[in-house]
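J.: So you can see what is in the structure, the chains are spelled out below.
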Amino acid sequence: MLKSLVGRRLASQLLKGCAAPVRHASESAGRVNPFAGSEEPPKKFVNPFGQPSTETFTEPVVTESKEEREKRLKVLQLEADIAHQEGRRVPALEFFQDHHWEHVLTLPSRSARIKYFAFLWQIEMKKQSEQRKKVLKAEETERRVAEIKKEREENTHIIYGLGHTSMFLRIYDTTINHWQNNRLTRAMQFAPKMVLDCSYDEHMNNREASYAAKQLMYCFAENRQNDEPFDLHYCNAHMAGRCMQNLKRFIPPMLNPEFPINIHEKCFTELFPKKNLVYLTPHCREDLVTYDPDDIYIVGAMVDTVNNEPLSLAKAKRMGLRMARLPLDRYLQWGSGSGKSLTLNQMINIMLDLKKTNDWDTALKHVPRRKVVEWDEQRRNEKDRWAVGTRARKLNVRIDHLLDYEEDRRKVSSFATPKKVRQRTEGMEFKLDTWATGKQQKTQRQN
Amino acid sequence: MYSLRLLRKLRGVPPTNGLRELASQHKRRPQLGALSSDRLEELRTSFVSGRHELSASDWQEVRQSLLKSYKHISEHNVDAVILGVCSGPGQLSLAKNYVEFLRSRGSEPNAASLGRLLRIYNAAYHERLLSDEEQVEVWKICESLHKDHETLDATSCENIIHGLVTTKDHWRRAPALLEMMKVTSSPSIAAYSAISEKAFTEEALDKQEDPLSWRLLEEMALERKPPKCEVYLALINRLAKEPALVSAQLDRLLNFLERHEILVSRRVAERLLELAQQLPKSLHVSDTLLIAPGKCQSCQQHFQPVAISDEQFRMLSESFLERVLIRSDVFQRSTPKEVASFKKFVDRTAPYDCVIDGLNVAYSTGTKKSPKQLAKLVATVVSHFREQNKRVLVLGREHMRNWCKQSMHYVQSNASLFLTNNLSHDDPFLLYATLKSGSDTDFFSRDLMRSHAFHLGPEMKPIFRQWQQQHQFSLVTQTKTGKLIVKEPIRHRLVAHKVTGTWHVPYCEVYTPHPSDSFEVPPNWLCLKLGEQTPQEKSKEEAH
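Here the protein sequences line up with chains X and H, keeping their order. Under the numbering used here, think of the first position of the first sequence as 1, with each following residue one higher. Under the numbering used here, think of the first position of the second sequence as 1, with each following residue one higher.
Simulated from the structure, these hints should not be mistaken for lab results. Even glycine gets a Cβ: it sits at the ideal position worked out from N, Cα and C. Don't take every hint at face value.
Below, a list of computed lysine-lysine pairs in the DSS-like style, where the Cα atoms sit at most 27 Å apart [unchecked claim]:
| no. | chain 1 | residue 1 | chain 2 | residue 2 |
| --- | --- | --- | --- | --- |
| 1 | H | Lys140 | X | Lys71 |
| 2 | X | Lys71 | H | Lys147 |
| 3 | H | Lys71 | X | Lys133 |
| 4 | X | Lys356 | X | Lys275 |
| 5 | H | Lys376 | H | Lys487 |
| 6 | H | Lys498 | H | Lys207 |
Anything over 12 Å on all C-beta distances counts as not near chain X; from chain H, calculated [to be verified]:
| no. | residue |
| --- | --- |
| 7 | Glu42 |
| 8 | Asn77 |
| 9 | His149 |
| 10 | Pro351 |
| 11 | Leu423 |
Cβ pair distances, simulated, as ranges [what the hints assert, rightly or not]:
| no. | chain 1 | residue 1 | chain 2 | residue 2 | range |
| --- | --- | --- | --- | --- | --- |
| 12 | X | His203 | H | Gly366 | 33 to 43 Å |
| 13 | H | Thr502 | X | Ser109 | 37 to 47 Å |
| 14 | H | His514 | X | His178 | 56 to 66 Å |
| 15 | X | Leu105 | H | Pro351 | 27 to 37 Å |
| 16 | X | Lys127 | H | Glu459 | 27 to 37 Å |
| 17 | X | Ser109 | H | Thr481 | 33 to 43 Å |
Could you put together the complete structure from these sequences and hints?
T.: Take a look at the structure:
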């Protein structure tokens, strides 16, 4: 079954020649599905509110001719040179490469250039310090090796040692990758779906686009690593855009037909029915209360450090989709560090844990602890717990189950998990018909 | 950093033109690896202070110590760093000595070092006039910097401008360099100010229609770059030497301040006072305060009321909704349906006397109050206006329906009420309703409306701000007895303006390169009366 499905996918890819693998279920939208029974032809999902997508990624008005560009480049190089001579945070001219100058020419203002030069300067300084350290380290190693050699020569006894040999079979990265990919293909058939909406390219600058691509890569990786991955779909992915180009750099086999990633140029409203879609956006008012596996959750793939307009809200409103936000305020006390934005991979991890446990506290453990107010206190508590845990391990006593119920504030015993207060009074409610009848009701022993 | 600010601090000279010299300085964060000021101080005291020249071996020692102790100083940088340290006006000879030392070793100082040298010449020029040989030297350096490259970058241009303005013959080439600066960046305040200052000192101000200095000042002001104090001081010093120009030039200056809403600094105000004492016939200036709303203490006249013309008001109201609420995507702030229904509502129930921002008013005494208290506050404000028999519109959001029924019922029966979606921005609706009602309607909110002012664009922003100043009431607080303390709008103008021949000019304490929008009344004012004008100028003014 699996083979034939995979075969069908491959064949369709070869026929289409395009790079976007489409799932089996949505492929059948056009054809007759031999596996399904007699049902009405599946509806075609069209997006009536879809914005007309730009054909090519248009740069801001490029009207200067080649000579003007050359002239400008020369002046900017002179600017960098003079700034370096003055001792400002600009690297030497030899450090710059062609793609650096390409980027410099697109920057809009002098202060943007200053910041970019400062960034390159930091890289140059780091490289220089690394080289210095390398030289020192090389000397160290030489010295160490010479010492050992000397010892060995002086030593008259036999020297034992395994070197780098081992009796265990080495597990390579590719083995793990294949195993995880297999899990992903199974997830594509059976698991709930999740959409990453990549249509925000125009609203991000270059840096943000590359950060977004990195986070998308992490989403894919962490989804794959999980025991029960989602069926992840990257929708509205404009392949010529910066975000997707960067993603291609991070995941080179992305467009290969056999690679288990779903990338669509189409919108998610064309792939999935609208009534199942829920857009997760931080700008709306309704909290997500429970996880519904039939719903398809959409996360906007945007890094919004510069732009703080409610773009995802506007998009969801325009398409008439349901909206929700994570109930961060209800379960976490937000501290003053770095605002309430979460990265994409943190979102995916939260949704994965939510799917698995349906418990917000465990799911929201993926929010970085520095943003939560009790960071210092919790760290201290966790350190104490860690100490207790190590002692317990030394004495061979299990205490994990006890520590988890600390909040219950009941006396814990080492042999049974404490019940919550309500549970204890089960069987003790007042029943009028059997009261004072003398008959004993056998209560079921619960464990 | 090797910033002139730090170095000036070290010289012990009080900052000559306010605390901020370079425009971009307020953005610079403390940088890792940069020389901190105490190290510079160390360097300065050990090698540089009070000396006019050092021997070759001393210079070599200084160089080596710098190269060794700081990782980011290399052969390329060290010259400019050293010249940056000796940047005081009294250290010109020391700097020249260093350059000679470099030349004697066979290496030509690089472009950045020469630029720094020009800056030192400029600093010396502000203390004393440069001698002829020095001017020739400066010109030679400028030439050499210019000949290598066709178009120079912004920093070099600025350095050359600073060098050229020290000379008598060559400063007129400076504006061409300003144009060259515009290729890579917007010219800095320092560059503009240097040329304007020189132009004010040298130019024939009354002969031409549009002298260079005024042209540059206009350009600066249009770019929101306030000219430095030195520029005004140079003009005033020129007027002190040529009293015939006083009335025309001062008139022009005051009109300039009025048009661009610029506040001068205390130094300039004091200099004006001195000028008036020097020329009692043509100028009369006194330092004054405001007593009562809008009344000058010394001349007892009332300030001009701030009002925008009908034409401006019409432009504002027409472009408002488009620019602020809809912008590029109406869904970001509201929905098309809501905008349409609000427009209909306003058409039906207009005109009003006052439009109240319900949520802003409700939360003005604190955000943690209960809905009952919030609703009560809104009702109190409505009743305040009802007592004065005014028609009001209250704007809010859908969740206000769930507040205390009694208060909301009162509000609904005594005022018009419009509730927007919980996700929409209600401020643009507020301003739209006020504008639509007519030019007499006020609005009630504590919000400063900064984002809306920004989105209107640079042409409409001053008009909006004037209209806002005249029409915005804000709730200060509610006393224990339930009485409301309301801040009335300031009905008089807050910039330099003329009232029946007497100018009133506000001034601030120190010069800032980036003045923010102020909503407060400036505390210090100058009351200025220009003396008898010559009949020529009077008729020229009447002809305008």
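J.: Would you mind marking each hint as holding or not holding in the structure?
T.: Each hint tested on the structure:
1. H:Lys140 <-> X:Lys71: Measuring from Cα to Cα gives roughly 26 Å; hence the hint holds.
2. X:Lys71 <-> H:Lys147: Between Lys71 (chain X) and Lys147 (chain H) the Cα gap is close to 16 Å, so the pair holds against 27 Å.
3. H:Lys71 <-> X:Lys133: It holds: about 14 Å lies between the C-alpha atoms, which stays within 27 Å.
4. X:Lys356 <-> X:Lys275: The hint holds at about 23 Å.
5. H:Lys376 <-> H:Lys487: holds (20 Å)
6. H:Lys498 <-> H:Lys207: holds (26 Å)
7. Glu42: Non-interface label on Glu42 (chain H) holds, nearest chain X Cβ at 17 Å vs cutoff 12 Å.
8. Asn77: For Asn77 (chain H), whose nearest Cβ neighbour in chain X is about 4 Å away, the distance does not exceed 12 Å, so it is violated.
9. His149: violated (6 Å)
10. Pro351: Since the minimum Cβ distance to chain X is about 32 Å, Pro351 (chain H) lies beyond 12 Å and the statement holds.
11. Leu423: Its Cβ does come within 12 Å of chain X, the nearest being 6 Å, so this is violated.
12. X:His203 <-> H:Gly366: 33 to 43 Å: Once the Cβ atoms are compared, 36 Å apart, the range 33 to 43 Å for Gly366 (chain H) and His203 (chain X) holds.
13. H:Thr502 <-> X:Ser109: 37 to 47 Å: holds (43 Å)
14. H:His514 <-> X:His178: 56 to 66 Å: At roughly 59 Å between Cβ atoms, His178 (chain X) and His514 (chain H) fall inside 56 to 66 Å, so the hint holds.
15. X:Leu105 <-> H:Pro351: 27 to 37 Å: violated (54 Å)
16. X:Lys127 <-> H:Glu459: 27 to 37 Å: violated (49 Å)
17. X:Ser109 <-> H:Thr481: 33 to 43 Å: Cβ of Ser109 (chain X) to Cβ of Thr481 (chain H): about 55 Å, so the range 33 to 43 Å is violated.
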